[in-house]
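From first to last, the protein sequence lines are chains L and Z.
Numbers 32 to 506, taken from this note's numbering, label the letters of the first sequence in order.
Numbers 910 to 1392, taken from this note's numbering, label the letters of the second sequence in order.
Because the hints were derived from the structure by calculation, they are not lab data.
We treat Cβ as the ideally placed atom computed from N, Cα and C, and that holds for glycine.
Check the hints yourself; a few may be wrong.
[Unchecked claim] Derived list of chain Z stretches under chain L, where covered just means 3 residues or more per stretch with a C-beta under 8 Å from a C-beta of chain L:
1. 1001 to 1008
2. 1108 to 1121
3. 1130 to 1143
4. 1196 to 1208
[Stated by the list, open to error] Non-contacting residues of chain L with respect to chain Z, defined by C-beta distances greater than 10 Å in every case (computed):
5. Asp137
6. Thr240
7. Ser283
8. Arg301
9. Asn376
10. His436
11. Val482
12. Gly483
[Claimed, not checked] Straight-line distance between alpha carbons at most 25 Å, and here's what the computed PhoX-like set of lysine-lysine pairs gives:
13. L:Lys418 x L:Lys476
14. Z:Lys1282 x L:Lys110
15. L:Lys110 x Z:Lys913
16. L:Lys366 x L:Lys332
17. L:Lys145 x L:Lys110
18. L:Lys458 x L:Lys487
19. L:Lys421 x L:Lys365
20. L:Lys458 x L:Lys500
21. Z:Lys1159 x L:Lys110
22. L:Lys458 x L:Lys476
23. L:Lys110 x Z:Lys1165
24. L:Lys476 x L:Lys503
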Amino acid sequence: MEWETVIGLEIHTQLSTCSKIFSGAATAYGAEPNTQACAVDLGLPGVLPVLNQEAVRMAVIFGMAIEANIAPYSVFARKNYFYPDLPKGYQISQMDHPIVGIGHLDIEVDGEIKRIGVTRAHLEEDAGKSLHEDFHGLTGIDLNRAGTPLLEIVSEPDMRNAKEAVAYMRKLHELVRYLGICDGNMQEGSFRCDANVSVRPKGQAEFGTRAEIKNINSFKFVEKAINHEVERQIAVIESGGKVVQETRLYDSVKDETRSMRSKEEANDYRYFPDPDLLPVIIDEAFKAKIKAELPELPDAKKLRFKADYHLDEESIAILTASRALADYFEAVHKKSGCEAKLCANWITGDLSAALNKAGLEIGSSSINEERLSGLLLRINDGTISGKIAKQVFELLWQSAESADHIIAEQGLTQISDTGAIVAIIDKIIAENPNQVEQYRSGKDKMFAFFVGQVMKAMQGKANPAEVNKILKERL
Amino acid sequence: MHNKTLAELSLGLQAKTYSSVELTQLFLDRINQHQQLNAYITVTPELAMAQAKVADQRLANGTADLLTGIPIAQKDIFCTQDVMTTCGSKMLANFSAPYNATVVDKFNQAGAIMLGKLNMDEFAMGSSNETSYFGAVRNPWNLNSVPGGSSGGSAAAVSARLAACATGTDTGGSIRQPAALCGITGLKPTYGRVSRYGMIAYASSLDQGGPMTRNAEDAAIVLQTMAGFDEKDSTSVDVPVPDYRAGLNKSLAGLKIGLPKEFFGEGLDENVAATLATAFDEYRRLGAEIIDITMPNLKLAIPAYYVIAPAECSANLSRFDGVRYGYRCENPVDLTDLYTRSRGEGFGKEVKRRILMGTYALSTGYYDAYYLKAQKIRRLISEDFKTALASVDVIMGPVTPSTAFGIGEKIDDPIAMYLSDIYTIAINLAGVPAMSIPAGFVAGMPVGLQLIGDYFSEDRLLNIAHQYQQVTDWHNFIPTGFE
């Protein structure tokens, strides 16, 4: 039988607010355990939550970016369950009235555009962390993360294979970073995914029974976990069994999913509106203000880059992967006045490689737009060759000097003085009679040898076009 | 001296007739002499004397407030930094909060002296103060009677002159009912008028703190300090706080008093009814007009309340899990054992009963039938109040069906106990303000009169109460043995 996979994703994005969603405690990652948890986060008796308006703003920005309906009236609810890292015994979340309603996101897989529905996105607080190691059979509780704002984005079951799921997740990852509402750091758990997976015979209208795979924290694992789960479910059905509705955990070490709890064991969360918080009211004026502040979104930017700069798809994809990189490119292009292709090549090439090597984002690049523009200008006006430019780039990366300063100090100016080049070429021809003989007897490849020798003798500073021209004459 | 009202004591302090240190010592001595009432859970003599010394400096240098140097006591539901806050429960018998409730901060800023923390029903769940882990409180008017609840310690302390005033909290009548049963004045403000920050939650949408005092003028002074918007409480309302004393002397000529027939039917003790009738006559003499009204949904208040309040409490009390603070069972074998034994051993019977009721009412399959239904009833009741208060200035009625009942009389009959709040609960569901003021005695036990006003009309209620107290003496009676 031929099987069809149905996938829906729930993605938890940690909103990059300075303070928590219901308290004034900081949200910075990696602090000493329990140093970023105030009385509210600890769930002490008598404390009350106060909504962080910045989290609301970020949720609305997201809603606008996916063209969703923004609820004029949304409600926080209590989701009740006991767990040691859940200090109040309930999580403040949204149930019946989420802040962001139905929207959509377009993904591209194998050149095909597909629209994926977003059912809803709601605000909620994160729980703390339970630490099971290092406590001699006991469990440690770190409440630094408790109360960190999350936007849980729930998709429609619109994806039909793991590749689409990954494309959707990547697209969302790119979007939330573009919007500046999430740092997207998956290792630190800022962007986590639960996948709902089911299979059905191809052509069948009803969905199969789904399993939810919890907490997958990389694109690679999402693909693996889904593929694995699909195989497992097909195997269960084909051997006469039934898929049970349950929550499963993906083990990336063993590359398998295993059951966490069945539907029967699931908590009755007893949601009800949180009486400590007022409904969130969003009016047209607020929406209009957010809309005006909305940055250019990735899809629009890609189209514009293609139209304005005539770059190839790959360069556009790289440059527009983050707003910061795209802005960097545009700044360099504008400042240097150089051709877009030259700017793009340097940014997607040498600069990206250097950033990768150093593990840096463009925002912390040691070469800013100004200094890279300085380098490109000198390539453009012929002061230095492309080869020397790479040398200058290295020095730019290591120092804080301008390209002009480095070129002058190191004496890297390209030599276009024909006299000097002729002298060197004549000397090399005289010193290498055998090679001259070979070249003249038709071995064209020897030409490169002479170019190399000249460049070597001139420490790469010779203008390559001049060298080629004169060599041809003299040989 | 202890028989003076708060307003009188304040004048004496300003005039240096006595010092705050002297006054504080007097009240501390009285607390010590009358321990049989069991009104206090914690007495804080060192703190009180230290605060009194600072207050005397403020009184000397002219920076004093009306409350500066006045010995007060806090219901043990308000968190007090470095002083035990037990909420009347074994669960918090060892709990000292690292912060003050907003209300406590406000009293501190005003320079009031905290004598200690007052006994109460466990987590404010009860109508007799018998559910306290620290034992029942006795009614100063009859030591074998209950003082009412949940603010029973507050009512007993003010009635017996063991504090110049006290704070209380009212979720379904917990200020008004004990005030009525102990013969004092109690005011439950509009929901949102007084900050709930640091006030341990029972039912968040109903809980409201307020003053428990000797008379209406004192209530005006104390509410002035307690009231106000608090950015730490999202449900507090940013409405200006009027000068509550300024309007006390307004005439009541032309005042329209509504008497809902539902308040005077079956179940109301006839002697209480007769006592209230004399109070209404008094109001007529003051120029008021008495109008019969009807509020058809009042009868639904108790069932609606006993769904909503337990539902909220079932979540509010989840934080008491033995993990971070409070009572933890000995040698838990695993997580489930830690939870079940800590909560099983730490909570009393009534608290567990309400957690179970609330958990049930919120469960899948029952939520619509119970919780949503109760919320609909709540809206109907609010509408009843809005309609009634559109045609009258104030609604009056009994606070309790009878005077104080005996200790042990209803504790094993929860339904009978719940019914003792039949006249107070609807007010919390609607969120309007209400007061209980002394209106006479039946067989030597105090009777309370309830005044209910529109949202944020505390100034009007205080005026109506104060005018009555200008022509009556019920609020000045002192229980025998506490003169």
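Each hint, compared with the structure:
1. Figure legend: the segment 1001 to 1008 of chain Z, annotated as covered by chain L; annotation consistent (5 residues with Cβ-Cβ distances under 8 Å, at least 3 required).
2. Under a criterion of three residues with beta carbons nearer than 8 Å to beta carbons of chain L, the stated coverage of the segment 1108 to 1121 of chain Z is upheld, 6 such residues being counted.
3. Counting residues of the segment 1130 to 1143 of chain Z whose beta-carbon sits less than 8 Å from any beta-carbon of chain L gives 4, enough to reach three: the coverage restraint holds.
4. Chain L is given as covering the segment 1196 to 1208 of chain Z, and this is violated because 0 residues of the stretch bring a CB closer than 8 Å to a CB of that chain, at least three being needed.
5. No beta-carbon of chain Z comes within 10 Å of the beta-carbon of L:Asp137; the shortest separation is about 37 Å.
6. With a closest Cβ-Cβ approach of about 19 Å to chain Z, L:Thr240 is found to remain outside the 10 Å limit, as its non-interface label requires.
7. Against chain Z, the non-interface label of L:Ser283 holds: every CB pair exceeds 10 Å, the least being about 26 Å.
8. Distance to chain Z contradicts L:Arg301 as a non-interface residue, since its nearest Cβ pair spans about 4 Å, not more than 10 Å.
9. Remark: the non-interface label on L:Asn376 is consistent with the geometry, its nearest Cβ contact in chain Z lying 54 Å away (cut-off 10 Å).
10. The beta carbon of L:His436 is kept farther than 10 Å from every beta carbon of chain Z, the shortest such distance being approximately 54 Å.
11. With a cut of 10 Å on Cβ distances, L:Val482 stays outside the contact zone with chain Z, its closest approach being about 75 Å.
12. Its beta-carbon lying about 73 Å from the closest one in chain Z, L:Gly483 satisfies the requirement of being farther than 10 Å from that chain.
13. Distance check on the hinted pair: L:Lys418 and L:Lys476 sit about 21 Å apart at the alpha-carbon level, within 25 Å; holds.
14. The suggested pairing of Z:Lys1282 with L:Lys110 holds, with an alpha-carbon distance near 20 Å, which does not exceed 25 Å.
15. With a CA separation close to 50 Å, the supplied pair L:Lys110 and Z:Lys913 exceeds the 25 Å bound.
16. Taken as a hint, the L:Lys366 and L:Lys332 pair is honoured in the structure, with Cα atoms around 20 Å apart against an allowance of 25 Å.
17. Between L:Lys145 and L:Lys110 the CA atoms are separated by roughly 34 Å; this puts the pair beyond 25 Å, and the hint is violated.
18. Proximity of L:Lys458 to L:Lys487 is assessed by CA-CA distance (about 13 Å); at most 25 Å being required, the pair is judged to hold.
19. A threshold of 25 Å between alpha carbons decides the hint, and for L:Lys421 with L:Lys365 the separation of about 21 Å falls inside it, so the pair holds.
20. For the suggested pair L:Lys458 and L:Lys500, the alpha carbons sit about 16 Å apart, so the restraint of at most 25 Å is met.
21. In summary, the hint linking Z:Lys1159 to L:Lys110 is not supported, as the alpha carbons are separated by about 50 Å, beyond the 25 Å threshold.
22. Taking the CA atoms of L:Lys458 and L:Lys476, the gap is about 20 Å. The hint holds against a cut of 25 Å.
23. A C-alpha spacing of about 46 Å is found between L:Lys110 and Z:Lys1165, which places the hinted pair above 25 Å, so the restraint is violated.
24. A C-alpha spacing of about 13 Å is found between L:Lys476 and L:Lys503, which places the hinted pair at or below 25 Å, so the restraint holds.
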